[in-house]
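K.L.:
For the record, the sequence lines run as chains A and B.
All you need for the working numbering is the position in the first sequence, starting with 1, plus 10.
Residue 50 in the working numbering sits at position 64 of the second sequence, with consecutive numbering throughout.
Treat each hint with caution, since some may be false.
Restraint ranges, calculated between C-beta atoms of paired labels, are given here [claimed, not checked]: (1) B:Ser107 / A:Leu143: 51 to 57 Å; (2) B:Gln135 / A:Ile258: 31 to 37 Å; (3) A:Lys251 / B:Asn108: 25 to 31 Å; (4) A:Leu159 / B:Pro18: 24 to 30 Å; (5) A:Glu100 / B:Glu171: 24 to 30 Å; (6) B:Glu11 / A:Gln256: 27 to 33 Å; (7) A:Lys227 / B:Lys7: 18 to 24 Å; (8) B:Gln93 / A:Thr226: 37 to 43 Å; (9) A:Arg157 / B:Gln135: 30 to 36 Å.
These are computed hints drawn from the structure, not numbers from a lab.
All values reported here derive from a predicted model rather than from experimental measurement.
For each residue, glycine too, the CB sits at the ideal point set by N, CA and C.
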Amino acid sequence: MVAKRIIPCLDVNEGRTVKGINFVSLRDVGDPVELGAHYAREGADELVYLDISATHEGRHTFTKLVERIASHINIPFTVGGGISTMEDAERLLDAGADKISVNSAAIANPAIIDQLASRYGCQFVVSAIDAKLTEGGRWLATTHGGRRLTDKELFAWAHEVQERGAGEILLTSMEHDGVRQGYPCDLYADLCSQLSIPVIASGGAGSIQDIADVLTKGKADAALAASIFHYGTYKISEVKKALAEQGINVRI
Amino acid sequence: MIAIIDYKMGNLRSVKNALSKLGAEYTVTDDPAAIIAADKVLLPGVGYAAQAMANLRERGLVEVIRGLRQPVLGICIGMQVLCRYSEEGDTPCLDVFDTDVRLFKAQEGLKVPHMGWNSISNLDSKLFKGVDEGSYVYFVHSYRPGLCQDTIATSNHGGLFSAALKYENFYGTQFHPEKSGDVGERILSNFLAL
């Protein structure tokens, strides 16, 4: 059986990790390579690096950083943030990224998913969806960190990206993200039972039980979290041990 | 010197990085003479099996690879083309390992591609020296080699399949040792020590 994955997400601004405290064992928690290696040693199954740089220099630095990550980290990693063209994707793949995540670019131009999948294989393409519950109970995909609603209904859009060749879906509920009150398990369970590709649950973890719930009741294939790891609330090894004790198949 | 065969099947960076980390010297080549002269040969790759075979034929490497006498390690698609046949593009392969490669059969709840960390069992080779039964390694694939007398490790995704194969000096892993953390590093270093 494939193990459920635990994936820490690192935000990178101008080449530096933005969050991350309480790691006395690290010389420099601001160094994305060092922090990623730390998580890998603790048992992270994959890493996600999200470039939040607003400047051209920042994006250039990020590419250089991806090369360093690739040569120091021996588990798969995904990069995302600001990928809008095939050239962006190619540059990051050449630098050594295993997967790239696309969000707004795919909403604006869904065919980019087909192009990426046919050129590099579906395993390279993670479709990130930021969904928001609207009046009338419909979940819609959003862009710009949830500030802009699109006309894409979540389930229809998820099916579409799967058909177009996305290898995985990274779904964040904007209602739950950052609130640390748990993931919307019913939503994940609905989506996971409809799709044949893996779904990564993102945003909302406040406790180990939240993660356990989304992997069991929510049927998610993986859980991505940022704050609870960066602020040292829980160690990854601790989370995985607790999940294993509940009978969840994780790599230990 | 390790020869990494470059036949235009995906990015070789992670394999190169993994060898560098282990301090191994390598050359990336599709030159038959360089491949034959190498101490060890790596055949990596991701992609479509029929394309992989076409690329090997185009470079005149089919008989070269079959005739190698030094340790050879095929990874992912590189392992699949060492089998008899692949359903992916309905292609005959190099016929080193005594099994065929077939698509995972669709069944309730089975996700394809098989992507992520899965455990390997029935470990039976020097390749797995120091690797515990049930260790987790990283897989990404939609087609899988069946069980056969050359199987040296199994994994389970809707049924058992060969996670690794060996015939004489030829080895193959369906998983990616170069992405499988410390366990993967151990397997690669075992290969380098053969």
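K.L.:
Tell me, in ascending order, the numbers of any earlier hints that this structure violates.
P.N.:
Violated: hints 1, 4, 6, 7, 8 and 9.
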